[in-house]
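There are 2 protein chains.
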Amino acid sequence: MNRTLATECKNKVGKPVLLKGWMNQLRELGKINFLILRDRSGYIQLVIEDKKELEKVSKYYVGTVIEVEGEVQESKQAELGVEIIKPKITVLNPVEEAPPVEYNKDEIQAELPTILNYRPITLRNRKIQAVFKVQATVLEAFREALRSKDFVEFRNPVLMKTPSESGADVFEVKYFDGKAYLAQSPQFYKQMMVGVFERVFTISPVFRAEKHHTNRHLTELTHMDGEMGFVTSLDEVLEVIEYVVRHIFEKVNEKNADELKLWNVTTPKLPDGKFPRVKVKEAFEMLQKRTGKSPDRKLDPEPEDERGICKWAMEEYNSDVIWLTHYYKNKNLYTQNEGEFSLSYDLLCRGIEWLTGTIRIHEYKKLVEGMKKEGFDLKNYEGYLQAFKYGMPPEAGFSFGLERITQKIFDFDNVREATLFPRDVERLAP
Amino acid sequence: MNRTLATECKNKVGKPVLLKGWMNQLRELGKINFLILRDRSGYIQLVIEDKKELEKVSKYYVGTVIEVEGEVQESKQAELGVEIIKPKITVLNPVEEAPPVEYNKDEIQAELPTILNYRPITLRNRKIQAVFKVQATVLEAFREALRSKDFVEFRNPVLMKTPSESGADVFEVKYFDGKAYLAQSPQFYKQMMVGVFERVFTISPVFRAEKHHTNRHLTELTHMDGEMGFVTSLDEVLEVIEYVVRHIFEKVNEKNADELKLWNVTTPKLPDGKFPRVKVKEAFEMLQKRTGKSPDRKLDPEPEDERGICKWAMEEYNSDVIWLTHYYKNKNLYTQNEGEFSLSYDLLCRGIEWLTGTIRIHEYKKLVEGMKKEGFDLKNYEGYLQAFKYGMPPEAGFSFGLERITQKIFDFDNVREATLFPRDVERLAP
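In the order they appear, the protein sequences are chains A and B. Using the working numbering, the first residue of the first sequence is number 1, and each one after it goes up by one. Using the working numbering, the first residue of the second sequence is number 1, and each one after it goes up by one.
Keep in mind that the hints were calculated from the coordinates and are not lab data. Warning: the hint list may mix true and false statements.
A pair counts as met if it fits within one copy or between any two copies, since identical chains are not told apart.
[What the hints assert, rightly or not] In silico SDA-like pairs for lysine to any residue, Cα to Cα no more than 20 angstroms straight-line:
| hint | residue 1 | residue 2 |
| --- | --- | --- |
| 1 | Lys365 | Gly339 |
| 2 | Lys149 | Arg3 |
| 3 | Lys366 | Leu92 |
| 4 | Lys149 | Gln129 |
| 5 | Lys133 | Ser148 |
| 6 | Lys289 | Arg277 |
| 7 | Lys149 | Ser41 |
| 8 | Lys161 | Leu116 |
| 9 | Lys365 | Glu97 |
| 10 | Lys149 | Tyr43 |
| 11 | Lys149 | Glu8 |
| 12 | Lys365 | Pro94 |
| 13 | Lys366 | Tyr61 |
| 14 | Lys161 | Glu426 |
| 15 | Lys127 | Ser41 |
Start from the sequences and build out the full structure, keeping to the hints where you can.
Below is the structure:
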């Protein structure tokens, strides 16, 4: 007999089936006993009345891998509308010790560090599974959206001879007799690729050697980057990004309705038309009016400011997202400035910066001039500068944090909850 | 006027258009001059008769970024069947120096190291562009094939506390006051994830600190990994992989016919039914008969052997691919052995190993026993072992090298030609 998945049983009422999966729960009530089987499609209930069958599994623990022949029967109470009766069970791989955390409960009763220590089994929790099913959809939707706009996927290297943006907070690698560094972003490569394909994207790990112990810092992250040439206005880039964001949420709602329901969450609220936009200067003035606090106008907004701006966006525009543009001039080598401001844009969502991007300097001379002024050693940027010397269109780009997007869909406090295997100052395993 | 892409001009005969792109070639013939404009869609010819217009660009070099208003006219000789007449040109960003390599020729007249040194501009060569358009399709098709078989995408970490497979050939990272290592493969993580989603895949950079100076070794590669649970036979895994391979080539043929034509290549020839299979022992016997050479049966096949086996597969089965299975027992900690052989399978294609995989050990006790025997320190594998202790189905997996697949589609001698920004013992830039 061929294997039937749990959710396929709906179409096999009255028929014999062969199921395979994990024993996710066993309720022994005496005469009638219930075993919940988990497989890749979902969860289904087996009704065990035969004592011999019960004995096969009752000595083992949650996670025991089994094979079941049984019959599908309608059941109003069962989640799938069907259950399995008269099961004949074969244990394929027993679990002989109780798991250290009860991952098969609706909620795992443990602190986050414990949950992360036992990640290989806590990921089997239904609600936690849901988070990473949604994350898989985010990855797929991001690519789909950009491909539909003529963006070509490429693979950027992670090992670099020169730290990508600045020397600070970069991990050093022993590279044979010399050194290499881990990419802090695919920034330089995506810009080079604009000279090749005009519109490109990459999904890549990025690394930050920041010694922060906060709920928003990781040392390894997944960034979803896009870069586009022949940009004529800020509007044009923001439009593409807004399309990507809409597509991600549409796809999540379409593919992951069950997962969202399990958490009782909805994807962030987007306005009908363009996303609201506010310049940093104006946002700071607004914050001052509302809170009395005067943010330091030379610095980027602090977490508290970002929350204040998002709160205002919801009240004013009924939107969970808001563009914060025209940050005060910054020192990265590739961003275009305009007077005391930079042509930059961050998308905030539910209190946190979620995407960041800028219009780039595309003129070789201007780029070199700026780099010299800031003390960059041009020799280290030979490849990057080639791309500009030999013809670069006006261009702009953006970078999403996969973990943050996932975090904000579920509105988690800690980005680690939205990371499969988080890496931070203290954590490198599992 | 809105921008029109080069290939869209076919539908705008007789109409005015606004084009944007790079000057890819300028042929000055006197009265009539031809400028080939490159944009993300392709190449189109402008016919310049107005001297004033010619002067705007003739002082600049290939790569100069321009904007053109002109009229579309049919042209039998032109590649697209149309050309642009009466162009009014605006230079958006000039190139003021001749590029160090003539990338706008059909073939770049330079050795590979030079081509790689100037990657940001040599990638603009039409044939080289084609390689990486195909590579983008391979990535997309791999994911598409596996998603259609219920595989869930996940992101594995690259920073590891313990080297993933063995201590050899691993890069060491300075990690705050301690050390970390770069993943040699996502092996452990994909196996852990089988306990969560049953079927998973990931596309990820992997790192090999091998001091080899060959045409097949890189220090950073892209691996496309899949892993599946509830596998009952070798057949079942190979069938999934064969489906993935077929889908990749179908998609490449569908999306990249032009790119293949440009190189005058076809995707590797696949047999109508199942891919041919041969056990390593039998392959060695066959090689001995055909060549007189007797390969050392304790070792893996050498490059020369792989080429011999592929030659035989083509003669015998009219196939560019062949499964080589049942390698002699190896020492990795996770592969199931059967007597003196391992339950392993490599897919060879056009003379090279292209994909590798094995049936895994899924029983906790057997895994621990084997690791102890081989001297692995169990403490370093806590997370990995958790997944098995608390319930793992019979499972198997596979790993494709993205660069090698691309290499074999174009039948390049050197894997670097199929790598955007190769990393090797000597090369870390651009």
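So, going through the hints one by one against the coordinates:
no. : hint            : in the structure
1   : Lys365 - Gly339 : within (18 angstroms within a copy, 67 angstroms between copies)
2   : Lys149 - Arg3   : between (40 angstroms within a copy, 14 angstroms between copies)
3   : Lys366 - Leu92  : between (67 angstroms within a copy, 14 angstroms between copies)
4   : Lys149 - Gln129 : between (31 angstroms within a copy, 18 angstroms between copies)
5   : Lys133 - Ser148 : between (23 angstroms within a copy, 15 angstroms between copies)
6   : Lys289 - Arg277 : within (18 angstroms within a copy, 74 angstroms between copies)
7   : Lys149 - Ser41  : between (32 angstroms within a copy, 12 angstroms between copies)
8   : Lys161 - Leu116 : between (33 angstroms within a copy, 15 angstroms between copies)
9   : Lys365 - Glu97  : between (67 angstroms within a copy, 12 angstroms between copies)
10  : Lys149 - Tyr43  : between (38 angstroms within a copy, 19 angstroms between copies)
11  : Lys149 - Glu8   : between (36 angstroms within a copy, 15 angstroms between copies)
12  : Lys365 - Pro94  : between (68 angstroms within a copy, 11 angstroms between copies)
13  : Lys366 - Tyr61  : between (66 angstroms within a copy, 19 angstroms between copies)
14  : Lys161 - Glu426 : between (26 angstroms within a copy, 11 angstroms between copies)
15  : Lys127 - Ser41  : within (14 angstroms within a copy, 44 angstroms between copies)
Of the hints listed earlier, there is not a single one the structure fails to meet.
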